[in-house]
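*Asks:* Numbering-wise, this note's numbering comes out as the position in the sequence shown, counting from 1, plus 297.
Hint data in this document are derived by calculation from the structure and do not stem from the laboratory. Don't be surprised by glycine CBs; every beta carbon is placed ideally from N, CA and C. Be careful, since some hints might not be right.
[Said to hold, decoys possible] The calculated lysine to any residue pairs, modelled on SDA-like cross-linking and capped at a C-alpha distance of 20 Å, are:
no. : residue 1 : residue 2
1   : K427      : K465
2   : K532      : L779
3   : K550      : Q538
[Said to hold, decoys possible] Listed next, with one range per pair, are the computed distances between beta-carbon atoms:
no. : residue 1 : residue 2 : range
4   : K340      : L477      : 40 to 46 Å
5   : I786      : K808      : 39 to 45 Å
6   : H552      : T425      : 27 to 33 Å
7   : L468      : K410      : 36 to 42 Å
8   : E707      : K808      : 20 to 26 Å
9   : K525      : F335      : 18 to 24 Å
10  : L468      : K808      : 46 to 52 Å
11  : Y633      : K364      : 58 to 64 Å
12  : S721      : D463      : 47 to 53 Å
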Amino acid sequence: MCGVLLILSKKKTLTSEKCLKAFNLIHNRGPDISLKSFFLKKKLFIGNSILKVNGTNFQKKNLFNYKKNYISYNGEIYNHKYLDRKFLKQKQSNDTLTLLKTLTNYNTLNICKKLDGMYAFVKFNSSTNKIIFATDPQGEKKLYKYEDKNYFILSSTPKSIANFIDFKINLNYKFLNQYLHSRHFMQFRNTIFENISYIKGGIIYNLDIKNYKITEQIFDDPINWISKKNYIQNKKSSSKQIQTNFEKIFKKKLHLMLPEINFATIFSGGVDTSIIYSFLKKNKFLKSIICINNIGKDKITNAIKNRKFIEFIDYKKLKVIDVNKKIFLKLYKKTYQNFYSLLSTHDLPGRQKIFDDIKSKKLKVIFGGDGADEIFGGYEKYKNVFKDIKKVKIYSPYTRIKGNSVNKEEINDLFIRAYKKYNSFTPKKEAVIQANLFVDYFVQSVGVHNISNDVLCGENSLEMRSIFLNKDIIKFGLNLPLHLKINLIENKKDYILKPLLKKIFIKYYKKGLLFKKIGFSGFPNESLSVLKLNKQKKFK
Numbered sequence: 298m299c300g301v302l303l304i305l306s307k308k309k310t311l312t313s314e315k316c317l318k319a320f321n322l323i324h325n326r327g328p329d330i331s332l333k334s335f336f337l338k339k340k341l342f343i344g345n346s347i348l349k350v351n352g353t354n355f356q357k358k359n360l361f362n363y364k365k366n367y368i369s370y371n372g373e374i375y376n377h378k379y380l381d382r383k384f385l386k387q388k389q390s391n392d393t394l395t396l397l398k399t400l401t402n403y404n405t406l407n408i409c410k411k412l413d414g415m416y417a418f419v420k421f422n423s424s425t426n427k428i429i430f431a432t433d434p435q436g437e438k439k440l441y442k443y444e445d446k447n448y449f450i451l452s453s454t455p456k457s458i459a460n461f462i463d464f465k466i467n468l469n470y471k472f473l474n475q476y477l478h479s480r481h482f483m484q485f486r487n488t489i490f491e492n493i494s495y496i497k498g499g500i501i502y503n504l505d506i507k508n509y510k511i512t513e514q515i516f517d518d519p520i521n522w523i524s525k526k527n528y529i530q531n532k533k534s535s536s537k538q539i540q541t542n543f544e545k546i547f548k549k550k551l552h553l554m555l556p557e558i559n560f561a562t563i564f565s566g567g568v569d570t571s572i573i574y575s576f577l578k579k580n581k582f583l584k585s586i587i588c589i590n591n592i593g594k595d596k597i598t599n600a601i602k603n604r605k606f607i608e609f610i611d612y613k614k615l616k617v618i619d620v621n622k623k624i625f626l627k628l629y630k631k632t633y634q635n636f637y638s639l640l641s642t643h644d645l646p647g648r649q650k651i652f653d654d655i656k657s658k659k660l661k662v663i664f665g666g667d668g669a670d671e672i673f674g675g676y677e678k679y680k681n682v683f684k685d686i687k688k689v690k691i692y693s694p695y696t697r698i699k700g701n702s703v704n705k706e707e708i709n710d711l712f713i714r715a716y717k718k719y720n721s722f723t724p725k726k727e728a729v730i731q732a733n734l735f736v737d738y739f740v741q742s743v744g745v746h747n748i749s750n751d752v753l754c755g756e757n758s759l760e761m762r763s764i765f766l767n768k769d770i771i772k773f774g775l776n777l778p779l780h781l782k783i784n785l786i787e788n789k790k791d792y793i794l795k796p797l798l799k800k801i802f803i804k805y806y807k808k809g810l811l812f813k814k815i816g817f818s819g820f821p822n823e824s825l826s827v828l829k830l831n832k833q834k835k836f837k
């Protein structure tokens with residue numbers, strides 16, 4: 298996890314102290330090294346705080362530079378060794394240099410198409426005075442953008458932006474209304490602040506410093522990941538063959554994602570994190586297994602505590618963290634301060650507790666299972682909402698928004714595009730459900746879980762990695778026939794949802810450990826009772 302900050306003044310010279318104060322607010326995202334430089338006679342500031350995970354030979358003060366090109370970058374390029382061999386013909390000491398040199402020496406559009414990883418970057422060419430910036434197409438990493446008549450700012454966190462402009466910023470009340478009309482608070486493009494938005498992934502933005510206009514080049518559109526060829530090939534294959542193919546790509550991608558330092562993994566006992574752990578458990582760098590237990594709510598975690606998984610997990614490395622409504626309430630304040638927004642989902646205090654524990658162990662990387670439920674059909678509500686499909690619309694409660702919303706039109710447009718693509722080779726009902734799962738990932742997962750992990754992990758000096766967010770894993774899931782994701786005619790209740798992943802789970806564990814899907818929201822309502830009466834009234 299690293300932090301990116303770019304501040305461009307359209308009029309006067311930047312104040313060093315003010316820039317550095319804003320830059321200091323992304324220090325937690327990369328506490329190991331702070332790189333910064335001023336350009337254009339101090340009208341442009343670029344900073345990069347770095348969390349050292351892989352690589353060597355890091356800069357000490359100034360930004361990484363090559364042929365008068367400078368970069369600030371957050372993320373991990375998992376295939377950087379391949380890019381070194383293919384384009385640079387020699388091994389680079391870290392993936393930052395790989396990214397900088399390939400972007401400088403070769404066509405930017407083509408290089409971005411070949412990147413396999415999670416990333417957000419800005420690059421400045423001091424010879425041409427051109428700025429380009431981009432984030433990954435699957436939406437793992439984000440950049441916040443702010444612009445007014447005086448400044449153009451890009452940052453990994455809205456904290457730096459708000460601080461730099463002296464908190465002269467209004468809340469986006471139109472967008473806040475969406476919070477009351479949706480299951481989760483989905484930050485699709487907008488944030489709770491006016492003039493602060495997210496840049497869209499899969500696009501290279503070119504900023505012209507002369508007139509401050511931005512041009513866009515699409516390098517990857519996830520709609521194009523929906524493939525008739527791959528779908529039909531899977532349709533012709535047996536379930537066993539598909540499972541074999543999936544495990545093969547799963548192992549390959551997970552191997553690329555492994556850090557060369559000690560790391561932790563979340564283990565909830567559910568299908569997703571259990572599968573990840575089964576492939577990680579023999580790795581010598583895995584030092585900690587974390588499980589959050591919302592007391593009285595999580596049947597799976599009770600099974601874990603009672604050592605039902607004794608044959609399959611290393612209990613010496615396992616830590617079960619108990620959370621009750623009092624603890625949950627205490628976590629709320631810290632979570633809000635770190636997240637700097639309305640909480641997008643109620644499980645964030647629990648995540649904050651996990652990240653606190655990992656940080657205390659001085660670990661930097663943690664694996665999680667986000668993304669699987671959306672791509673592979675894991676939510677319990679899918680059983681009912683997709684039973685009676687008549688119209689071409691969003692049925693899923695995870696993305697559906699009631700009433701008007703600033704995002705509603707754009708979300709519906711994304712759904713229709715996905716539906717048309719699927720409907721070109723599948724029946725209407727399947728196309729509607731597949732398109733629902735598509736937007737559940739690219740809106741709900743990206744706008745809720747991905748943003749949450751990126752922000753909260755960053756504030757705790759951690760890097761979250763989930764293989765289900767890898768673009769090749771997403772592509773595989775998007776092109777599975779529906780019966781391998783949601784099988785509405787399956788007689789065995791356990792296999793209606795996520796049948797492909799459940800079969801893999803049983804292969805490495807056993808059917809008796811396959812518990813019903815539950816949520817991990819904690820105690821969002823119950824915690825109110827902990828407050829004293831006068832505080833309850835104030836709270837309400």
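*Asks:* Now look at each hint and say whether the structure bears it out.
*Replies:* For each hint, the structure was consulted:
1. For the given pair, K427 sits about 29 Å from K465 by alpha-carbon distance, which is inconsistent with the 20 Å threshold.
2. With a C-alpha separation of about 10 Å, the suggested pair K532 and L779 falls inside the 20 Å cut-off, and the hint holds.
3. Taken as a hint, the K550 and Q538 pair is honoured in the structure, with Cα atoms around 19 Å apart against an allowance of 20 Å.
4. Hint check: K340 to L477, Cβ distance near 42 Å, so the stated range 40 to 46 Å holds.
5. Look at I786 against K808: about 21 Å separates their beta carbons, and that is not inside 39 to 45 Å.
6. At roughly 39 Å, the beta-carbon separation of H552 and T425 lies outside the given 27 to 33 Å, and the hint is violated.
7. Checked against the given bound of 36 to 42 Å, the beta carbons of L468 and K410, roughly 38 Å apart, stay inside it.
8. Hint check: E707 to K808, Cβ distance near 42 Å, so the stated range 20 to 26 Å is violated.
9. At roughly 51 Å, the beta-carbon separation of K525 and F335 lies outside the given 18 to 24 Å, and the hint is violated.
10. Between L468 and K808, the C-beta spacing of about 50 Å keeps the proposed range 46 to 52 Å intact.
11. For Y633 and K364, the hinted distance range of 58 to 64 Å is not satisfied, since their beta carbons lie about 44 Å from each other.
12. At about 52 Å, the beta-carbon gap between S721 and D463 stays in the expected band of 47 to 53 Å.
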